[in-house]
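**Q** Construct the entire structure; sequences and hints are all you get.
In this text, residue positions in the sequence shown follow the working numbering: the first is 1, and each later residue adds one.
Keep in mind the hints are simulated off the structure, nothing from the lab.
Some clues are possibly wrong.
To be verified - Computed beta-carbon distance windows for the label pairs:
(1) Thr105 / Gly280: 39 to 49 Å
(2) Ile194 / Val276: 40 to 50 Å
(3) Phe74 / Gln208: 25 to 35 Å
Glycine residues also receive a C-beta, built at the ideal position from the N, C-alpha and C atoms.
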Amino acid sequence: MRLARNRVTASALGALGVILWATETVLVTFTVGIPPLQTVAISFVFAAAMSPLLWLVTRSNPLVAFRQPPRVWFLTVFALAGYHSCIYYATQKAPPAAAALLQGTTPLMIVVGSAFLPGERLRWWHLVGVGLGLMGVVTLVETGGHSSASTDGPFYLALIGAAAALWGLYSVMTRLLPEVPSSTLGVFYGASAIVSLLAHVTLETWVQPNTDEWIAMAALGCLPMGLAIYFWDHGLKHGDIQALGAFSFVEPFIGALLVALFTWTALDLSLFWSGVLVVGGAAMASASLWRRPEVLPLDPLRKQ
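**A** Set out below in structure tokens:
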């Protein structure tokens, strides 16, 4: 019973991480004047700077990160820096509807990919939940997206598709690393900041941020690129990965809602129906969290 409670708690933390991720959509709108790699680098600096407070609260030892094998460093830093760099770079120029739909394939990859993990099984309610969530994303982008005039649209869409696949793969592989504590992420944030900064110096020109842009990047580092990934990592390793994968469909809906609220965009009925579908899908996919564990009957021939 205690393990079941811990699993629910871990899944709830992972779901909170998804909700925090949704703030990324609106925060990025305040950094459009800053080169993408510079935004990623600065945001990860703030994420790393915030981490000691989390280590203090959880009484964690961040030095454990330096005892991890190279494959863990490569997987984590490559996923963190690569995913955010591709997303921030491509979403500024890709067709919005297609971009949102491609990002919405990440939960699908997580749910299906997790079925091949040890001890996991793909159940019918996971598939129904994923289907409802995908329908919700389609409903959202059908009325909210417009085509991009950029002739390089396919290239940027390919970048987003690669980023979605990378994050889906990283999320599934993280499940195989339960011995790596989530507290190590603070060190990996610092490494990701260095990698992103080197890429920025090589490929971009520094733009001096104004006060609003500094605040937005600090918020990005502390919320969607900081706490959210901590919670997500813990949920993946100790919670229901398939339920969390399906719950991820909630993120674009909440993101669209926040953008509408903070940019005074008119709310329409499609946002409501999108919410009904993604929340319903998340609830369906998380059914296994509330099922009673099977109790095997006692063998009457077994010696007492």
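**Q** Now tell me if each hint is right for this structure.
**A** Verification of the supplied hints:
1. Thr105 / Gly280: 39 to 49 Å: About 19 Å separates the Cβ atoms of Thr105 and Gly280, which means 39 to 49 Å is violated.
2. Ile194 / Val276: 40 to 50 Å: 43 Å, holds
3. Phe74 / Gln208: 25 to 35 Å: Between Phe74 and Gln208, where Cβ atoms are some 33 Å apart, the hint holds.
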